[in-house]
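Novice: Letter by letter, the chains look like this.
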Amino acid sequence: MKAIHRIISKIADALFAVSLVAGVLMMAHVTIDVLSRTLFNAPLPGTGEITASYYMIAVAFLPLAWVTLRDEHVTADIFVSALPGPMRAVIAVLVDLLVILYVSAFVWQTWVSALARTRRGEVWEILGGFLPIWPTRWILPIAGAAMVLAMIFRLAARLTRTDPITGQRLGKENA
Amino acid sequence: MDPLTFGLITLGCMLGLIALRVPIGVALGVVSVLGLAYVRNFPIALSILRESPFAFAASWDLTAIPMFLLMGAIANHSGISSALFRAARLWFSALPGGLAVAANMASVGFAAACGSSLASSAAMGRLAIPEMLRAGYDRALATGVVASAGTLAALIPPSIMLVLYGVFAEVSISRLLIAGIVPGFLTAAAYVALIVIRCKLNPALAPKLSDEELQTLKADRLSALREVWPVTALILGIIGGLYGGIVTPTEAGATGAALALLIAILQRRISMTSFIDSLKESMSGTAQIFFVGMGAVMYTRLLSLTGVSTLLADMVGGYAGDPLMVILAISVVFLILGMFLDPLGIMLITLPVFLPMMKALGLDLIWFGIIVVKYVEIGMITPPLGMNVFVVKSVTPSVPIWTIYRGVLWFLLAEVVVMALLIGFPQITLFLPNLMR
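Protein chains in written order, with the working numbering: chain F, 2 to 176; chain V, 141 to 577.
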């Protein structure tokens, strides 16, 4: 369990790190565009398209595995917390399975889409040229696959009473 | 099956899944895919899952979300909240309930730098509540004001909720953000009036500071402004830029984040670690929002493809002359959902249902956006699930949760007045954006 935990957190951290870099680039690129446009009347061509199709896609999807490991998805906890412990545990496992199924379908479909667009060499027309879009299509299946791995790990951790963030075994009192 | 039954069944399934603690994004997505597979076929359902996530996220308008989050996180990590509260305390302490008024006004300032209610309540809670309790303030008042004033963050620009609403309602986000200003200040003013009146009638709620302390506070007033003016200038610059149409919301967010970072570096208030923490918060927050948003886009597609949207529009069409009944019914729905769901979930689940109705009634979608965000934020302070109250509880463990709710109850009274004004007089919301062009 320890070794698996290390690999999965490494993957999640690495993808998350890429999204942080994309966030900084987005801030810098847009700010430079605004400055250059207002001061020198010379906007950077394609800022909007690059921001939307590269930085934004990275920022929106790459943190998913990291968020999943920490169980930070938007949920409503109030109803389940009223249920007795054993029932809660069963529901939690079923919910994990549903999430795995849904995100796997997402990976499969976005994979199909990325493959088709790569073969076609998808581009967007921007001022003064073409911006290749097909590479960023792959971010979706990659981020989704990492989320599925993180989710499977969470489920395994739930069944073996391991803390999904530290990889430590939980004591009886926390179980 | 007729579209109405079908629509209700999908809604019921979704709420059922959410109650079982299925992430809201997954609940929306699963119901949409299965619903489409049922009325059409699986290939069509899967094609929606294939195309809508990228198309939704690769949007220039939505790039304002990570940038607003980043700007707020940088402002928060650079300790802007303590500077604001220090200044507000010096200026407002002489009023009845002065520290509570100061906490409220500091929240207004914080709201103008940061779009997150939870961050606002957490930051103000850590600073202002201990100060008020030390001064002998009533515990319900001290905690209630912080939880309630936190909700201003979603109304006063920058606001994450308004950007999301704007994308789903297909209205100008700049105008929406500008429209949030007056209702935001109206709410803050109602809170101030409430605090002052309550403390005037019952001075035991908030003991007055001693005269010599008030004297020393006066002396420091101007020096306190030195600390907050750069951020104030930044905020006014952003709002001015949006109002004048010089920058788009994304550009306002990105340059705002860059300038907030520059100010924090010049004032030596931020370290590399806290900058990276700001980035982590804002980028993981973005992914959380988009995971739900992607599901909401699919649900919108389901409702429009199956004719539910048209049906909903037809149903309310007869009320076009007198939309008040519909608005009141919608208000009840928001208040009930607000008791159990968080703002993002409520907004993204209800918009696919309510927006076609609003269009059929011919109501102004910018005005409706402000009403939605107000209700969603009121949901953050209503029991049993009041996220802001939970945050205040977590930073002041010594105060029981029902004491905080008791304090919030008074502010909910003020909200009744504010909502009646906003619904009864749409021009309060609309006159500022209507001046733009």
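No wet-lab data here; the hints were simulated from the structure. Don't take every hint at face value.
To be verified - Here are a few chain F residues that sit away from chain V, every Cβ distance over 12 angstroms (derived from the structure):
id: 1; residue: A43
id: 2; residue: P46
id: 3; residue: R71
id: 4; residue: I79
id: 5; residue: P87
id: 6; residue: L99
id: 7; residue: E126
id: 8; residue: R138
id: 9; residue: L150
id: 10; residue: A157
id: 11; residue: T161
id: 12; residue: D164
id: 13; residue: T167
id: 14; residue: R170
id: 15; residue: L171
To be verified - Below are the BS3-like pairs computed for lysine-lysine, each with C-alpha atoms no more than 30 angstroms apart in a straight line:
id: 16; chain 1: F; residue 1: K3; chain 2: V; residue 2: K533
id: 17; chain 1: V; residue 1: K340; chain 2: V; residue 2: K420
id: 18; chain 1: V; residue 1: K533; chain 2: V; residue 2: K348
id: 19; chain 1: V; residue 1: K358; chain 2: V; residue 2: K340
id: 20; chain 1: V; residue 1: K340; chain 2: V; residue 2: K499
id: 21; chain 1: F; residue 1: K11; chain 2: V; residue 2: K420
To be verified - Covered, in the sense of this in silico footprint (three residues per stretch, anywhere, with C-beta under 8 angstroms from a C-beta of chain V), are these stretches of chain F:
id: 22; stretch: 4 to 12
id: 23; stretch: 15 to 27
id: 24; stretch: 57 to 70
All of these numbers come straight from a predicted model, not from anything done at the bench. For glycine and all other residues, C-beta sits at the position ideal for the given N, C-alpha and C.
Novice: Can you give the numbers of the hints that this structure goes against, from lowest to highest?
Specialist: 3, 4, 6, 8, 16, 17, 20, 22
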